[in-house]
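K.L.:
Here's the letter readout for the chains.
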Amino acid sequence: MPRTTKNSGRRVERFLVPALIVIFCVVAFWLSTTFKKMPPILKRGIQPSDFPQLLLGLLITLTLAMAWFDPIRIRERLHGKTIGTLVIFGVFAAVTAVDFFLALAIFAALLAALWGERRAHILALVGLVVPVLVFFLFDQVFEIRFPRGLLTNVWYG
Amino acid sequence: MDALLNGLLSLSDPFLLFLLVAATLGGVVIGALPGLNATTGAALLLPFTLTMEPVPAIAILTAIYCSATFAGAITAILINTPGTSASATTCLDGYPLAQRGEAGRALGMAVVASTVGGAISVVCLMLAAPLLARAAYNFSPPEYFALTLFGLSMLASIGDGSPLKNLIAGGFGIFLALVGVDNLTTVERFTFGSYQLYDGIGFVPVMIGVFGISELLVQSSRLDVKREQIRMKSVMLPTRADYAKSWRAIVRSSGIGTFIGILPAEGATVASMIGYNEAKRWSRTPEEFGKGAIEGVAGSEAANNAATGGAMVPTLALGIPGSATAAVILVGLLVHGIRPGPTMFTEQADFAYAIFWSMMLVNILFFFVGLRGARVFARVTLIPVQVLWPCVFVFSIVGAYALDQSMFDVWVALLSGVLGYFMRRYGFSVVPLAIGLILGGMLEQRLGQSMVMLDEKWWLMLTRPLTLLFLILTALALVGPAFWNRKSRRSSTTTSNREGMTDGKD
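Chains A and B are the protein sequences, given in the same order.
For the record, in the first sequence the residue sitting at position 111 is 1110 according to my numbering, with numbers rising by one throughout.
For the record, in the second sequence the residue sitting at position 304 is 1465 according to my numbering, with numbers rising by one throughout.
What the hints contain is simulated information worked out from the structure, not anything from laboratory work.
Glycine included, every Cβ here is placed at the ideal spot set by N, Cα and C.
Incorrect hints may have been included.
What the hints assert, rightly or not - So, partial list: chain B residues that the calculated Cβ filter (under 10 angstroms) puts toward chain A:
1) 1211
2) 1292
3) 1299
4) 1550
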C-alpha cells in the first residue's frame, strides 16, 4: 500500500540521517588517526589530530542524543520540481566540461522552463540575455575571464 | 575623536556616496523579494566587492544588511509574506492593517520605526564597540578561546532548527574549517592530496552555496504558492496619535534589538520577536495585537533594525559574528585583510568609524527610499520566481568562480547548496554551519595557544576569572534553550488543554 511505503520511507530517513552523520564522523575520526604526529618541541600545545578527534567525538555524542531526544521528522516528500532542479544541477556540471558560459545559459533556460515558464521571449531573456550580460560585466568591468570553452574561445580568440 | 571625524569625512567621497545609495536601493529590492534576505544578498554580492577598497566594499555589505532588513516589512505588510524572517512578526499587525486599507499607514510606521531603531543602534555601536574592544585588549588566548566557545554555544538558540541540530550543524561547520594545512603545525588534514584543499575550504563559496543555492532548492518546492498583493495609494508618515501610541514601543524595541544583536550569533529575528512581545505586554490595548495594532508594527520593526547595529558590535570588536549577515560581513573583512578585534580600534580606527557613519547614512537613506519608493519596490515582489531564481543562480555561480577564478569554488558552492538544502529539509539551520566555518580555525588556534601558555594543563583555564565566566556562560547557553523549550512545551500543553476545555464549553 502506498501510504505504508511513504511512512516507512520517512521512518528510514529518521534513522538514516543520524546513521550517515555517525558514519561520516567515524570515517573522519579514522582518517585523523593517520595525521602526522609532531615531536613535543614542535607540537604547539596540541597535536594536529587532537582537536578534530575531540570535535568528532562531540559530534557523534550530539548525533546520538539527537536521534534519541529530537528525532528527524519529515512532513513532506521531496517535491518533483526539487528533484528536477537537482537533475538540472547535474546537467550544469556535465556541460561545464564543454563550456562554462554555455552551462550557465542552459541551466538558466532549463530551470525557468521546469518552473513553468513557457513564453519564448522570457526564456530567451533568462537563458541568453542574462548570461551574456553577466559575462560582459565580468569580462569588461571586473576583468575576470571565464574558463576557456567552446563558446568563450570565440570571444577570447 | 580624530578617527570619528575622519570616518565622517570619508563619506564626502562621491563614489562612496553613490555606492551607498545604490546598495541601499539594491538592499531594499533584495529585502522585498520573498526568498531573498539580507544574508543571501550579502553572500551573493560579496565576490563583487573583492576588487574594491575595504571601506566601500564593507560599506556596501552593511548597507545591504540595514536596508534589506527594513525592506522585509514591505512584503510582510502587503502580501503577508515576510521578505526576511526578521519581519515575520510585522505580518501579524501589518497585514491586518493593509487589509483594512491602511497599508500606507503601516508602511509609514515601519519606515519610521526602522530608521529610529537603526540609528539608535548605530549610536550604541559607536559607543560600545570601542569600549568592548578596549576591554578585550588584555584578553589572553584562554579568554579568547572561552569567548569564541561562548559565541559558538549561542548557536544552540539561533536559526529555525532545534538546539541539538544547531550544535551539530555548528560542529560540522567547525569540522569544515579544519580541512587543509594546519596553520600551527603545517600538517595536512583531510586534503586527500588535493592541492585545492591545501588552503582549506573557502568561506565565500560556502556562503553562496548555503544561503543562495540552498534557497533556490527550497523555492523549487514552493512554486504553487500564490501571492496576492494589497493595493496601496502611498506611504504616509505616522500621525500624532500614532506617535503617541507607539513612541514607547519604538524606544523600548530599539534598546531590546540592540542588546539582542550584541549577543553573539543572535540576530534580528529573535530581536523582532522579543520586541513585538514586549510592545504587546506594555501596551494599553494588548487585545488589538494581531488585529492591526500600529504599535505591533513599530515594536517589531524598531527591534529588527536595531539588531543590525547591535550585531556589528561583537563582529568588529571581538571578531565573533553577531548574526548570520554579520558572519558574511566578517568574511568580507577577512578577505580584505582586515582583522576584526581590539586592535581594529587602534590600528584601523578610521576604517571602523567610516563603516559606522556609512551605516548611519544608510539608515537615513532608507527613510527617504521607504517613504518615496515603497510603492515602486512593492512591485518587485511580482517578479515571477521562474525569472528571478535562474538569474540569482547565474550571479551566484559566477560570483563563486570570480573569487579565485577557480572552477573548484563553483563545485564547492554547488555542493554546499545541496548540503544546505538537505540540512534545512531535515531541520538543521545553515546559519550555525556558516558561523562554525568562520570561527572553527580561530577556536583551534586559541586552544593550541592556551595549551602552550598553560603548559598543557587545560584545567588551569578554570583558575582564570574571565575564562571561567565565559565557560559558565557557555554552559548556560547550551543548557538554557533545552530548559526553555521544555518549559514552553509544558506551558503550551497546559494552554492547549485549557483552550480545549474552553472550546468544549463554548
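K.L.:
Tell me if residue 1299 of chain B is really an interface residue toward chain A, meaning its C-beta lies closer than 10 angstroms to one of theirs.
P.N.:
Violated, because the Cβ-Cβ distance from residue 1299 of chain B to chain A comes to roughly 21 angstroms (cut-off 10 angstroms).
K.L.:
Just to be careful: measuring from the Cβ of residue 1211 of chain B to every Cβ in chain A, is the smallest value less than 10 angstroms?
P.N.:
holds, 9 angstroms
K.L.:
Let me know if the C-beta of residue 1292 of chain B comes in closer than 10 angstroms to any C-beta of chain A, holds or violated.
P.N.:
Violated, because the Cβ-Cβ distance from residue 1292 of chain B to chain A comes to roughly 31 angstroms (cut-off 10 angstroms).
K.L.:
Hint validation: residue 1550 of chain B versus chain A, beta carbon distance must be below 10 angstroms. Holds or violated?
P.N.:
holds, 7 angstroms
In summary, the numbered hints that this structure violates are 2 and 3.
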